[in-house]
Amino acid sequence: GAVVSQHPSRVICKSGTSVKIECRSLDFQATTMFWYRQFPKQSLMLMATSNEGSKATYEQGVEKDKFLINHASLTLSTLTVTSAHPEDSSFYICSASNWVSSYNEQFFGPGTRLTVL
Amino acid sequence: QKEVEQDPGPLSVPEGAIVSLNCTYSNSAFQYFMWYRQYSRKGPELLMYTYSSGNKEDGRFTAQVDKSSKYISLFIRDSQPSDSATYLCAMKAGANSKLTFGKGITLSVRP
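Those sequence lines, one after another, are chains A and B. So for the first sequence, the numbering used here puts the first residue at 143; every next one is plus one. So for the second sequence, the numbering used here puts the first residue at 24; every next one is plus one.
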């Protein structure tokens, strides 16, 4: 199956700093990448959808100036959490798709745990 | 009412038991139905996919979709301790639509 990696797997930062998370599709070119956030014992909530070379589409309630998404190539998307605060502490998961199947399966990365002190 | 509702759990069963996991949904436009398994601190992995109504079997796993009742199920036969994980249902209207997830249910299979 298609493999998606994320880096870092875990990050701890001080309040007010910015954190960048990378999402890479390792063995396929991803036309679309998705960013999700998952709080403890909660489901995955879609934050934004990005297509290579175009601006991301953010879900309602997600601050685009706080969560900057860049999808510069068909294998790399980045999420930057700007001026992070403790309430941004969460598990961030990306996924990638490229119509490998008729239902356009999303392949998920292993997630990044962000802790803001 | 949330678009996708999933039994909250947690669920604990003895090894070898048959497990039934369920989700209901309110959006009649949903056509694609998935079940994901997520181990602790890992990303979800696709277990089963079903398009529209019907049953699908893969080894010890069976997925059922009843669109008339807006109800989907995942059955696990001969459950194993390695099946212990969180199971999330997910669905979408079109192949290019966004996925909507249930809250997930944590399953523990006791040896």
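Treat the hints loosely; a few may be bogus.
[Claimed, not checked] Ranges of calculated distance between the beta carbons of each label pair, as one might list FRET restraints:
| no. | chain 1 | residue 1 | chain 2 | residue 2 | range |
| --- | --- | --- | --- | --- | --- |
| 1 | A | 181 | B | 118 | 42 to 50 Å |
| 2 | B | 30 | A | 229 | 25 to 33 Å |
| 3 | B | 37 | A | 228 | 38 to 46 Å |
| 4 | A | 159 | B | 116 | 35 to 43 Å |
| 5 | B | 103 | A | 158 | 24 to 32 Å |
| 6 | A | 151 | B | 96 | 14 to 22 Å |
| 7 | A | 145 | B | 76 | 27 to 35 Å |
| 8 | A | 241 | B | 41 | 34 to 42 Å |
| 9 | B | 37 | A | 215 | 30 to 38 Å |
| 10 | B | 41 | A | 228 | 36 to 44 Å |
[To be verified] Where chain B lies over chain A, by a calculated footprint (3+ residues, C-beta under 8 Å):
| no. | region |
| --- | --- |
| 11 | 203-211 |
| 12 | 220-234 |
What the hints contain is simulated information worked out from the structure, not anything from laboratory work. Backbone N, C-alpha and C fix where the C-beta goes; we use that ideal spot for every residue, glycine too.
Practice prompt. Could you tell me which of the hints above the structure violates, numbers in ascending order?
Written response: 1, 5, 6, 9, 11, 12
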